[in-house]
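K.L.:
Sequence:
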Amino acid sequence: MTSVTAPTIETTADEVLCVLAGPGARLRDGQLEALQALTQPGARVLVVQATGWGKSAVYWIATSWLRAQGRGPTLVISPLLSLMRDQVAAAARAGLRAATLNSSNIGDWQQIEAALAAGEIDVLLVSPERLANPTFGARVMEQLTGALGLVVVDEAHSVSDWGHDFRPDYRRVTDVLRRLNPETPVLATTATANARVVDDIAAQFGDSTLVLRGPLARASLQLAVLPQLDPLQRFAWVVDHLPRLPGSGIVYTLTVADAERLAEALRSRYGDELPVAAYTGQLDSDRREALEEDLRANRVKALVATSALGMGYDKPDLGFVIHVGAPPSPVSCYQQVGRAGRAIDHALVALLPSAGDDGVWDYFATATIPKEREVRRLLDTLGTAEDTMSVPQLEAETGLRRTKVELLLKQLAVDGVTERSPDGWRATGRTWKFDQDHYDGVLAVRRREADIMRRYTGGEQCLMQLLQESLDDPQAAPCGRCSVCLGALPEPLGAGAQPETIAGVRRVLRTEQHVLDPRKMWPGGRFGRRGRIPPAEAADEGRVIVHANAVEWADLLTGALRQDGPPPPDLVEACVRTLARWGWAERPSLIVGLSATGHPQLVGGVVDALGSAGRLPTAIWQVGVSTPEDATSATEAACWRDAFAAAAPPEVAGAVVLLVVDQSSSGWVTTLAAAALRNAGAQAVLPLLLHRNIGG
Numbered sequence: 054m055t056s057v058t059a060p061t062i063e064t065t066a067d068e069v070l071c072v073l074a075g076p077g078a079r080l081r082d083g084q085l086e087a088l089q090a091l092t093q094p095g096a097r098v099l100v101v102q103a104t105g106w107g108k109s110a111v112y113w114i115a116t117s118w119l120r121a122q123g124r125g126p127t128l129v130i131s132p133l134l135s136l137m138r139d140q141v142a143a144a145a146r147a148g149l150r151a152a153t154l155n156s157s158n159i160g161d162w163q164q165i166e167a168a169l170a171a172g173e174i175d176v177l178l179v180s181p182e183r184l185a186n187p188t189f190g191a192r193v194m195e196q197l198t199g200a201l202g203l204v205v206v207d208e209a210h211s212v213s214d215w216g217h218d219f220r221p222d223y224r225r226v227t228d229v230l231r232r233l234n235p236e237t238p239v240l241a242t243t244a245t246a247n248a249r250v251v252d253d254i255a256a257q258f259g260d261s262t263l264v265l266r267g268p269l270a271r272a273s274l275q276l277a278v279l280p281q282l283d284p285l286q287r288f289a290w291v292v293d294h295l296p297r298l299p300g301s302g303i304v305y306t307l308t309v310a311d312a313e314r315l316a317e318a319l320r321s322r323y324g325d326e327l328p329v330a331a332y333t334g335q336l337d338s339d340r341r342e343a344l345e346e347d348l349r350a351n352r353v354k355a356l357v358a359t360s361a362l363g364m365g366y367d368k369p370d371l372g373f374v375i376h377v378g379a380p381p382s383p384v385s386c387y388q389q390v391g392r393a394g395r396a397i398d399h400a401l402v403a404l405l406p407s408a409g410d411d412g413v414w415d416y417f418a419t420a421t422i423p424k425e426r427e428v429r430r431l432l433d434t435l436g437t438a439e440d441t442m443s444v445p446q447l448e449a450e451t452g453l454r455r456t457k458v459e460l461l462l463k464q465l466a467v468d469g470v471t472e473r474s475p476d477g478w479r480a481t482g483r484t485w486k487f488d489q490d491h492y493d494g495v496l497a498v499r500r501r502e503a504d505i506m507r508r509y510t511g512g513e514q515c516l517m518q519l520l521q522e523s524l525d526d527p528q529a530a531p532c533g534r535c536s537v538c539l540g541a542l543p544e545p546l547g548a549g550a551q552p553e554t555i556a557g558v559r560r561v562l563r564t565e566q567h568v569l570d571p572r573k574m575w576p577g578g579r580f581g582r583r584g585r586i587p588p589a590e591a592a593d594e595g596r597v598i599v600h601a602n603a604v605e606w607a608d609l610l611t612g613a614l615r616q617d618g619p620p621p622p623d624l625v626e627a628c629v630r631t632l633a634r635w636g637w638a639e640r641p642s643l644i645v646g647l648s649a650t651g652h653p654q655l656v657g658g659v660v661d662a663l664g665s666a667g668r669l670p671t672a673i674w675q676v677g678v679s680t681p682e683d684a685t686s687a688t689e690a691a692c693w694r695d696a697f698a699a700a701a702p703p704e705v706a707g708a709v710v711l712l713v714v715d716q717s718s719s720g721w722v723t724t725l726a727a728a729a730l731r732n733a734g735a736q737a738v739l740p741l742l743l744h745r746n747i748g749g
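Counting from 54, one number per residue, gives the positions in the sequence shown under the working numbering.
Just so you know, the hints here were simulated from the structure itself, not pulled from any lab data.
There's no promise every hint is true.
The calculated lysine-lysine pairs, modelled on DSS-like cross-linking and capped at a C-alpha distance of 30 Å, are [to be verified]:
no.	residue 1	residue 2
1	Lys463	Lys424
2	Lys486	Lys424
3	Lys463	Lys486
4	Lys573	Lys424
5	Lys573	Lys457
6	Lys457	Lys424
7	Lys573	Lys486
Values in this document were obtained by computation on a predicted structure and should not be read as measured data.
Construct the entire structure; sequences and hints are all you get.
P.N.:
In structure tokens, the structure reads:
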């Protein structure tokens, strides 16, 4: 009888690499060391290597070897659907049967779970949020935990709240590790972890964690920083330079609104000649997947994207990355530039800075830091409930925004203070203590990172070296090819934006239609009323002229919307154009102006101009309101309700009212004004909001 010799990890590596990368492919420095460590029972390995190094190849090889030894499937905890899709395809190329359980394939879950139980799945990919789902935990994880052959934590910097992309549900990973068979090896991978994040991850995974760190420089990338531009000039620069950029690539913006606006400006200029599309986290998963494939297949010149297109997206020949606005930290900057130049010799990476970036950085720095009073309010509400509460119920009862409620619940669940069941959320009764020192430390780190980005945008030293040093790479050194090292911009980037392009972009963006969806629900809490707003008190769909920090309206945002003044002719023209394209069911018969944030001249001028243009009667509604600076949604709504009750509206019986309001972020001023006008006899209220500022 002939005995069969089990394959060595080296033999398995040769076989898998041949399939993944072609004949003659060899392991890179550090890969064999990681693989050998993972062959040991109970190993804990953290790999910190540059993007494109081949971290996923390590876990596909390890999985193949472990499965050949008769071990169970590999569980990969991965943060993004786009990353999971790439990983499923890569696993298949490596000869592995992979599947994912996520919100976009619920119809396949039963079949996948049956295949898991039958041992027909080699790799299961899930998000950290899936680990937090109680139904998933009871149905899938309880069966798998003791039988896993390998656990992989991808983008492991997200485990640490010292990292640039902390996600509370990643803390669930530690719970999974505690329940594992002690002999199950664990691999964590990331390209973006400095020494502090590495120490935090290692502490969570165990004292015996082996840390394998490699050099982070990328020889294929040529980094450049342009002189500071204003926001509109940045858009025009991209419009002018897109045809000159090599291959296809990604244009990153800091906000969803900017991604959508810039994509529209590019489409207006180039149409099908140089197709582009906006990619943000607000798109559904099918649309995002289609756009990722369009870029991978070079069917688009560029995706104009937020950070939603980032971790793990793999297009080996991506030719350029342009940042329209500096990322908030050198770590996130390194992560995004790493999309380019993975399998080509040269890729361009350019940053277009602007003075306004600082405000966005500060928002990102503080967005995930809980405020003690908000947590107390949430816990007090949960603590008085007899049954579990849903997120919409908690939003209504606490007055906190839904996204804030969801974030706080996850953070509290990590500490065992709240827990989720299939029916909703409840408080566990465990005492919660606000760790002010810890959060102060996190905030201080993030602000130091912003200071490093100021040095980066100022070109104070080699750009690649600065990114390496921020990640504590001991091999950081001048790259010799960035715009700082060369003392000049690479040729395709050198020219500024043309004045006619700037004017054209402004013109295109000012023709956009921004819909103002009416609020559907009362806020509850201090406001008192909750539930659906009755149709007889509701506003109709409205319009917004200036949305957020619209680059095309920079002069207005620093002028009449900051210090009250007469409306510029361009604003009046935009209002007239918006009314002409509105498509309402019935034409307004009365225009009512309301200054919500202290701009009576601006509102009055717009109302007079629209009344004259439309030959309509006008009225100004004088309302005084004082809203506390830290007011909850319910408190703000209550303040507006009381103010409108104290200030009689103009005569509106039977009128279709065009309600002109200067500014709002929450939408409560238009909601409560519409309710008051409808109760006074208005047939309909059509809000025209001059500026919807950030936050709503």
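K.L.:
All hints, please: hold or fail.
P.N.:
Hints versus structure:
1. Lys463 / Lys424: Holds: Lys463 and Lys424 sit about 14 Å apart, inside 30 Å.
2. Lys486 / Lys424: holds (12 Å)
3. Lys463 / Lys486: holds (15 Å)
4. Lys573 / Lys424: holds (27 Å)
5. Lys573 / Lys457: OK: Lys573 and Lys457 at ~19 Å, within 30 Å.
6. Lys457 / Lys424: Holds, because 10 Å separates the two Cα atoms, which is no more than 30 Å.
7. Lys573 / Lys486: Given pair Lys573, Lys486 is violated - Cα atoms ~36 Å apart, limit 30 Å.
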